[in-house]
Every structure is written in C-alpha cells, then in structure tokens.
Amino acid sequence: MSRYLIGLIAVLFFFSSGCREEEGSVPVSTGPGGGSGSTSVKLIQEEFNGIPIVVAGSSNRNLIVAFSREVDGAVREFTPVQGQLPVIMEDEQGNRWNVFGKATFGPDKGAQLGYVNSGVGYWFVFGAFYPGLDLWGIGERSVNISPDTSADWQIPTAYVGQGTGFDGIPALDEPPFINYSPISIDPDHPFYMEDEDLVIVVSQNGETKIYPHKILDWHEVINDEVGGTLVTVTYCPLTGTGKVWKRSTADMDAGFGVSGLLYNSNLLSFDRATESFWHQLEATAVFGDRMEERLELLPFVETSWGTWRGLSPSPLIMSEETGYNRDYTDYPYGDYKSSALVAYPLLYDDDRLPKKQRVFSVIVNGKARVYQFSDF
Amino acid sequence: MLLLLLPAGLAGQGCCSGGTPLSGSLGLEPLTAKQGQIESMLDYNTQSTLVSGKGKLEDNPRNRLTYAGLLRLSYAFSNRWSLTGLLSWVRQEEKIDRIAGGTTTIRAQGPGDLMLLTQYAVLQENRYSLLAGAGIELPTGETSDANPDTGIPFHPDMQAGRGAVAWLGSTLFTYNGVLRPSGNVFAQATYRISSSAARYERLQSYRFGNELRLLTGYSDQLLIGEQLFAPSLMLLYRHTQKDLLNGLPSPNTGGQWLHLRTGLQWAITPKIEIRSFAEWPLAWQLEGTQLTTALRARLSIRYQWYAK
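As they're listed, the protein sequences go chains A and B.
The first sequence runs 1 to 376 under the working numbering.
The second sequence runs 1 to 308 under the working numbering.
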C-alpha cells in the first residue's frame, strides 16, 4: 500500500512541477534532459576579481555556464534545480533561471542575469592568455611575464603566426537551418550529427539556434541573426574556444571573417568594414583602425548535441548544406584534439593540466579562473 | 601548409604540399670528364586543388603559386665523379577569393636554399648506366619574410628557404636502345632527409617530412628537319612523411602523389639545349586536408662545354 502511496506522491509532484508557468527562449525539457543523479546540476557561488558569480554545471551533460549574481544592485543566492533543463537554478526569491541566465518563472520573470565572459576551451590557451591564472581548487601560480607590444599592435606579435590570408578559411553568412526531427531523417542519409558532438547554442528574444562544432571546425566564423540580434559566432578549432559577439553598430553589418592569423594559436577575426583584427576571447580589436574597441559578448551554451536535442521537439540546427563542398563528418585536423601538439608559440605554457584538457574559464577584467569538468 | 590547409598544416585546414622545387631539380645526369653544364630554369607550380584524403573539395578559395628561378652548375672532374650546385630565387603568392568579392594576394619571396650534389658513375656500359649521388641542402634561404601590412612573418611553407640542413641521396638507372636505337628508359629514386628548423624566435621547432621521389619514364630522340628533339613521358611517385612540429606530427601534412610528366628537349646546337616539362596529378592520398598541385611546369636553357 505504501508503495502505491509513494508512487502517487511522485506522480503528483511530477505534474505539479511540470505545470509551473515557465517560459523562456528555450523550451522546457521534453526528453533526456529530465534526469538527475549523475547528470545533476552543481553550483559554485563565489566572488572573482570583485564580481559575485555563479558557475553552474553538469559534467555528464557536458554543460557549464557562468553569470553575475548581481541583480538590481543586490547579490542573489542560488540553489540548483535538478531534472528541469534548461532551468538550472532557483534564487531565494523563488525565481527560476535557465542556462542562458534568464528568469523563466517567478517575480522577476524575463529578467536577465549579467553574462560573465566565460566558455570552454583547451587548457593551454587560457594558460597562455592569462599566465598564472587561478585554477579553481588549486589557486594561482606566480608568473612574471611582460611581453613586448608595439604601437601598431595591442598584443605581442612574437606570438602571432600567419597561416593563410583573409578568407582563406571561408566564414559563413546567414547559413540555412533545419528543424531537426528524428522521424524526418532519411535512413539512407543519416543526420550528420552524433549525440556526443559538441554544439554552441545561442538564444536571443525567443529564438534559439544551434551551431555545431562540426561546421565551425571548417568555417570558424558565422555571421547570423538570432531573434533579431546580429551575432557573430566564433569558434577556434585550435584552441577549442567559442565566443558569441553582438554586432550592434551599423558598420558591423558586413560581419567578420577569418584573418588567417593566430595569436597564442587562437583565432584572430577581421571585421569586413576596416579589416581590423579582433581577439576572440576578449572581443576586442588588437590591430587596425578599430584598435581597442570592444564588442559586447553574448551568453551562449556549449554542450553536446545529445543533451540539447532532448530539450526540444524540433531544435533549430544548422543544415550541412552550407553552400560549401565539405564533408562535415570529417574533422579537418586529424588527431589534433588528442595530441599534445600546439600549432603556434605560446606566451606561457602552463603545465598544471594536460594541454588539450577541455576546461571552463571565467574571464573578468583581464584575469581568468578555470574550472574543470570534474568540479561539477 | 597555412596550413596551410590550413591550416599551413595547422594554419587552418590545409597546408600546402609543394614547397620549393629544389629536390626535384637536382637530377643526376651522365657527364664525361671535364664536361661542364650550366642551366637556367624557370619553375612554375600552381596549387589550386583542395584535397581531403583522396577526395577533391570544390569551391576552394585559395591558390598558391610558386615561381622559382634556378641556376644549376655541374662539372665532371672525371668520367665518374662530378659536382653540381643549385642556386634559387623563390617567389610564392597566395591568391584568395574574398567572400565580399575580389581577390587578396599575399606574397613572399627571397633566395632559396643552396644545394650541392656529388655524383658518381657506378656503371657506364654501352646500353646502360647507373649513377649515384649524395647531396646537402644548406639553409641559406630566406626564412623570415613577413607580411608588409602586419609585420607578421609568413608561415614556414610560404618562405623561400626551409631554414634547416637536409640530406639527399639519389640514384639513376638508364637503359638505351629500347624500341628504337635512340629510345631509352630510365628510373630515378631520390630520398630527402630533413632536419629541424627553429621558428618564431626559437620558440618552436619545425621539421619538414622526409620525402621519397620515384621517377620513371621513356624518352626518345627525333630528328625533325635539321633539329633534334627529345620528347619524354614519365610517371612521378612522391611520398612525404608528416611534418613535425616540436617533435609531434602536424595534421594536414604528408601523403602520396602520382603525377604524369611530359617533357620535351630541343638541341638548338650541340652545346645549347632548351628543355621543358609539364606535370599533372593523376592520383593522391593525402593526410587530412591540403592544398595540392594542379599543374607544374618548367622551362630551361642549358649550355654545356668541355674544358681542355
């Protein structure tokens, strides 16, 4: 009898939580996003470089995000929400927040947490850009480096290498998307994405678009519009880092391209209006007419396709018909992901972790803190 | 190599698989005692085919053009021993079709590396001969040419010189009187062993992959009017190992190529000869994604003399 009672309570709890009035730019979980336990969300709430932040992650979901905890001048405290992806946490006022930092339920519904410059990448690149950075749980390393810069460049050119030239790797402009549905896939032409493939998910004004690494490996820069916002999705396959930039000013309409230059092995993009070079991680121009200008970074989620496709009945994902003759199931850099190889010289080679270990970084005012997936 | 493909192996999807045409320019040639030769060559190589493994990728925006001027000087000290030196000037251009329209071209140029080769005639019979040679490539070439707009040095595979010593071993077998009294078949094998070069203010070591070239073909002589012509048809097999970057294999480098080469020589006088060949790829199996040769051609003039 007690077994049936427990079952009834569980069913009532399920419906009561599922019927909450929640809305957001992404749909509520309808599939494999609904578990807990090994896929549970863990929060780290702390202050970094003067900013109160919350870092939320689930290692088995391949998902970590970070936001400022400051809302209207007050610092919020959060608790994790399990089994409700894309909702990941709740604050003390009863607001529920999703992976994009948006309140989907509660008195502040519709509010947006401040995005903290953050994202996943290979360990070596954060060590190179932010020598001696703070490795969460271990601390900083004392490093004294003062690289030479010049009047023309904001960065030390000794660590800039030239691969190809402008557009040698073709960026994409407003590529086609499809609404993925498993039943619409032709068995003779399997969908190009596997569940473990990584994706960058961008959500703006109620529209959510998915940009697979598989395509970004070949194009690195995608100029697009999401929910009416002009965005440039950047991904550097040599450092494993993604960033989403907002193109707000009129002369940014033309978008960005791949310059063929790499700094610390990391992508330098160029804007098509002035051909200034832009630092991917900081979204700032480091050479050219726009030097020292900075773009707004937009929140995004990087996770596996298997995680995200379970959150929506028909997620909007890039079509592999990009207009270019590329086999997107073929990774263009051989064994680079697993090799210790780094393509270009590094300002600092931090050996505390393996070079290609994927880690999550938070960058605040020129300082970085890195979290490992095992921390979540 | 960027690269290419990228690369630049890691310059982003696609290194270039051509490089300066030195090792293919030091052909062994039968020489008799006190015979000297000087040959001035113009070499053209266009790498406009983007390849992934065995497949060809269309809509490639890049074309790498290499123009090289080479000067070969050979002298035979005896019927068996001779010495050859090769100087070069290399200009490389990468033309990229821009997404917004138009083309951007980046250019690198400078003196290439110096090559020296000693040659020994192992066998010298009426109908056949066997030559063997050993050489060295000295890093005298330009390795730090930079983009004038940015001041950033070009990728190693855009530089005229390789920046490292390399060793060369080569052997040539010829057999005369095939099909016709003036016809001959030949086969040449060349192996090039590279050493490491320091790049980026010695922050990185880069070693080009060792290279094997097998060239075989048939040539004949034809008298047309009073002019002597020597057409030839050849197959070239080339295999390169992956380049090593800080001792680790670099993606998008290395592979195998099979090329068809047609040649024509014209003996204007007994001492002066015009020589040419053109080469097209027949098949390839490359590592990763690389920009590779679509056409290579050479035109040269050779003068020979006999010292008293």
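Be a bit skeptical, because a hint or two may be false.
[Said to hold, decoys possible] When the alpha-carbon atoms are kept at most 27 angstroms apart in a straight line, the in silico BS3-like pairs for lysine-lysine are as follows: (1) 54/B with 95/B; (2) 356/A with 337/A; (3) 34/B with 337/A; (4) 42/A with 355/A; (5) 337/A with 271/B; (6) 109/A with 42/A.
[Stated by the list, open to error] Derived CB-CB ranges, DEER-like: (7) 206/A with 48/B: 57 to 63 angstroms; (8) 314/A with 146/B: 48 to 54 angstroms; (9) 97/B with 352/A: 42 to 48 angstroms; (10) 97/B with 249/A: 24 to 30 angstroms.
Just so you know, these hints were derived from the structure itself, not from any lab.
In this text the structure is predicted, and so the values were computed from the model without any measurement.
Just so you know, even glycine gets a beta-carbon here, dropped at the ideal spot from N, CA and C.
Practice problem: Please work out if residue 42/A and residue 355/A have their alpha carbons no farther apart than 27 angstroms. | Solution: Roughly 25 angstroms separates the two Cα atoms, so the pair holds.
Quiz item: Regarding the pair residue 356/A and residue 337/A, is the alpha-carbon distance no greater than 27 angstroms?
Solution: holds (7 angstroms)
Practice problem: Measure nothing beyond the straight line between the CA atoms of residue 34/B and residue 337/A; if it is 27 angstroms or shorter, mark the hint as holding. | Solution: violated (58 angstroms)
Exercise. May I ask you to test the hint 57 to 63 angstroms on the CB atoms belonging to residue 206/A and residue 48/B?
Key: Hint violated: Cβ distance 45 angstroms, outside 57 to 63 angstroms.
Quiz prompt | residue 97/B paired with residue 249/A, Cβ distance criterion 24 to 30 angstroms | solution = About 27 angstroms separates the Cβ atoms of residue 97/B and residue 249/A, which means 24 to 30 angstroms holds.
Quiz item: Could one say that the CB atoms of residue 97/B and residue 352/A fall in the range 42 to 48 angstroms?
Solution: holds (43 angstroms)
Quiz item: Quick one: are residue 314/A and residue 146/B within 48 to 54 angstroms, going by C-beta?
Solution: Roughly 51 angstroms apart at Cβ, these two residues keep to the hinted range, so it holds.
Quiz item: Are residue 109/A and residue 42/A close enough, with their CA atoms no more than 27 angstroms apart?
Solution: holds (22 angstroms)
Quiz item: Hey, residue 54/B versus residue 95/B, does the alpha-carbon distance stay inside 27 angstroms?
Solution: Roughly 24 angstroms separates the two Cα atoms, so the pair holds.
Exercise. For the pair supplied as a hint, residue 337/A and residue 271/B, confirm whether the alpha-carbon distance does not exceed 27 angstroms.
Key: Between residue 337/A and residue 271/B the Cα gap is close to 58 angstroms, so the pair fails against 27 angstroms, i.e. violated.
In terms of the numbered hints stated before, the structure departs from hints 3, 5, 7, listed from lowest to highest.
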